[in-house]
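Visitor: Following the hints, complete the assembly by docking chain P onto the known chain E.
2 protein chains.
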Amino acid sequence: MDKQSPKAHIARAIESAKALLGDRLSTAQVVRDHHGKDLTWNEGAAPDAVAFVQSTNEVQQLVQICAAEKCPVIPYGTGTSLEGHFTAIHGGICIDLSGMNEILEVNAADMDARVQAGVTRKQLNVALRDQGLMFPIDPGADASIGGMASTRASGTNAVRYGTMRENVMGLTVVLADGRVIKTGTRARKSSAGYDLTRLFVGAEGTLGVITEVQLKLHGIPEAMSAGICAFPSVEDCCNTTIEAIQSGIPLARIELVDDEHIKAINAYSKLTMPVAQTLFVEFHGTPAGVAEQSQRFAEIAAANGGGVIDFVTKEEDRLKLWQARHDAFWATKAWRQGTQEAFSTDVCVPISRLAECVEATRKDLVAHNLYGPIIGHVGDGNFHVAMFCNPSDVDEVKRVKMVYGRLIDRALAMGGTCTGEHGIGAGKRAYLEKEHGEGVWVMRAIKLALDPFNLMNPGKNAGP
Amino acid sequence: MDKQSPKAHIARAIESAKALLGDRLSTAQVVRDHHGKDLTWNEGAAPDAVAFVQSTNEVQQLVQICAAEKCPVIPYGTGTSLEGHFTAIHGGICIDLSGMNEILEVNAADMDARVQAGVTRKQLNVALRDQGLMFPIDPGADASIGGMASTRASGTNAVRYGTMRENVMGLTVVLADGRVIKTGTRARKSSAGYDLTRLFVGAEGTLGVITEVQLKLHGIPEAMSAGICAFPSVEDCCNTTIEAIQSGIPLARIELVDDEHIKAINAYSKLTMPVAQTLFVEFHGTPAGVAEQSQRFAEIAAANGGGVIDFVTKEEDRLKLWQARHDAFWATKAWRQGTQEAFSTDVCVPISRLAECVEATRKDLVAHNLYGPIIGHVGDGNFHVAMFCNPSDVDEVKRVKMVYGRLIDRALAMGGTCTGEHGIGAGKRAYLEKEHGEGVWVMRAIKLALDPFNLMNPGKNAGP
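Chains as they are written, first to last, in the working numbering: chain E, 13 to 476; chain P, 13 to 476.
Note that these hints are calculated values from the structure, not bench results. No false leads were slipped in.
Calculated Cβ distances over 10 Å to all of chain E for the following chain P residues: (1) A31; (2) V42; (3) H46; (4) A57; (5) T92; (6) I101; (7) D322; (8) A336; (9) P403; (10) K413.
Some chain E residues well away from chain P (every beta-carbon gap over 12 Å; in silico): (11) F64; (12) V138; (13) A310; (14) L333; (15) D376.
Covered by chain P, according to a simulated footprint, are these stretches of chain E (three or more residues, beta-carbon under 8 Å): (16) 197 to 210; (17) 228 to 242.
Predicted model, so just to flag it, every value in this text is computed and none were measured. Don't be surprised by glycine CBs; every beta carbon is placed ideally from N, CA and C.
Okay, chain E solo, but in the shape it has when bound (with noise of 0.2 Å):
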């Protein structure tokens, strides 16, 4: 047995990763406070020491010094995790990866690209857009690509385009014995081994390192449509959209916003839509194209008892459309003034099951006297709770967790999954075992046998 103690050991590494990157590595106390706290509740814990990289290499030599002082290893990439991904909850040295943020090369015949993991979402799109190009996943905040892909992200147009697991074509990962592989190839689908990009993908950061990720790009559309409808229920929501998924409607987008966010996002847009369970659309194709999909829409939504739908095509209108919608969380939090804070979560069931543990959750919530607006993904049965409470307020905190409890079950209950986007992170691992049973032995062996003395991003995901 080694005698020293993990401090010691950590300190080590932390000397010589000093040598290796200088005034690159900082042990600042407000560098590392700032790395060790997401926006969440999620209790925080700073790492030891940050090092900011600016290469593949670097990132190999890092983790080759951490594996030889048993020093934890915690990905970062720009913070905006809501599963605190990245509390370094046994200490070690934070990869912050921000500082790779080259796009390496963009193949427009072929649709792809291939970025380094702390290029942002919104960076890359400004990057393609002249070469009438996109990569359609956003999960609101302006996450890094990297990030993104460790924790499966998605977002509003994951119903037409996919998720990170279907958008990322391959890898390049830092081992926790550092060496480097690059998994997939440029090749659009292969049946040649293992799916290393698919495990990766979802890893949070506990299998390795993702350095640089090879996307899928896609066609900015000719045309775009979208608009606004009102509802009497979330299952007249739910219908209409299960309806235009059957009709075979190609739905670029469809949100489902109840009338608490409504209520919200009228007081601080200072708009004046009706107060009711809404619809969220929008279609992507030719002029005509779109222009036949709007009408299908809106004559499946009115035969769900929806109103009349003022569809909107001109790029400002849309954007303003949609600003209402990623504005829903902010116009939530300035109607609940005060000393509130947001605990958000998310789940996701079959769609046929959505409006009824929409609704039951909504029944939770008022039962226990809680503020939680709910909002979603509705194409893909993926929902967000954000319940707002005041974290002192010791008896609120106890009902806000029995019934965040209680919407897991409920979801897995359905045929779901405790987490459709956030991911487990820290926060979620107690729900794995629930959803995954025996399966989450398949991940600690796989964990076990990548990263056998546990120091990529410990205590996360299915990782002990």
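Guide: Same frame as chain E, now just chain P:
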């Protein structure tokens, strides 16, 4: 060390299996031979026994018996592998899952289904038709869904609907130690834990036996339009495809059929298609949508030297058109009469390199006096070469192997993969490391962690 020979262990496993399954455990030579040799050149090896199972529970008990006796386990669906996936290299018990052919549930509202592994794709589509649903993955043969999941199969529709990677939502898998896990959920997306579903999809039975599959379904399109277009060159075909994809036309199918195939198909199916590099295309959508897509495609094709396209929309005409495509292999076999066999392989490259890859391969075939017609899922950059050859002609076999090896090296050098859809099996193991480098170490570590005694389909894919 255990002093008994592997054969004694296998014999004991067979004895226990016999006690479990009675008549459904066969050691008849004809049954064993049938389960040990596929339709290709790969050298076959018969298993010591074949178990005709009827439930996950039986598979579990069988695997437990085999685990106790260290007896290899080889899963078998319909036997349509093209890479020796079920060759019993080290003997053992073949688990024939074709009797597990129950469609367990179809959820029309969610457009998903759960099937036993032995259900075939045609069986499933017949069952779905009345509900306006379809399962679009079509690897040519009427393969079992379990086999298709295991080999990450695809086919002509992949450009629009994806491969098994995108269309499997979850699995029931019997692991090497007899544990049963259920991966995935009925939710369309999830960020909960490692993506075990994608790990088993494409693992070719080396990590466990798939017994049930949860599938995404799709609506049968309201309208379909298909057509055939002759081009001056492969490059013109590829440029047409690239431009069509870039302009946002949602191609449902786009197949490159080379002039050698056209000659053979004309003779075989009594048709008079112009002998040229040819694209077979299909569009799915609303009547107005497919009309618009067809017209736009025709414009792009014409600008690239393509001939006039006579689009057909009636079911019978469409089926006739695709029958000609599906007869391609048999047509070339008939064209080259005699004792010749076909050595069939596939690679996949970025679409921008496809014309170059196909042309270089055609030149190589001519230079070595080989008949090797080419057919491709051009929208994915995936193509097949069927090299006809007399197995007893030593020199011809040598030339086939040379051209084959160079084809794969060429695909890898272009950023492609050694197989787009056939898989690794026993046949392409040498190329796995060439393609994935150190990544194969990760695959082997996973294999060892989940199957430490190498009992699950040994000698295939990334396993030892």
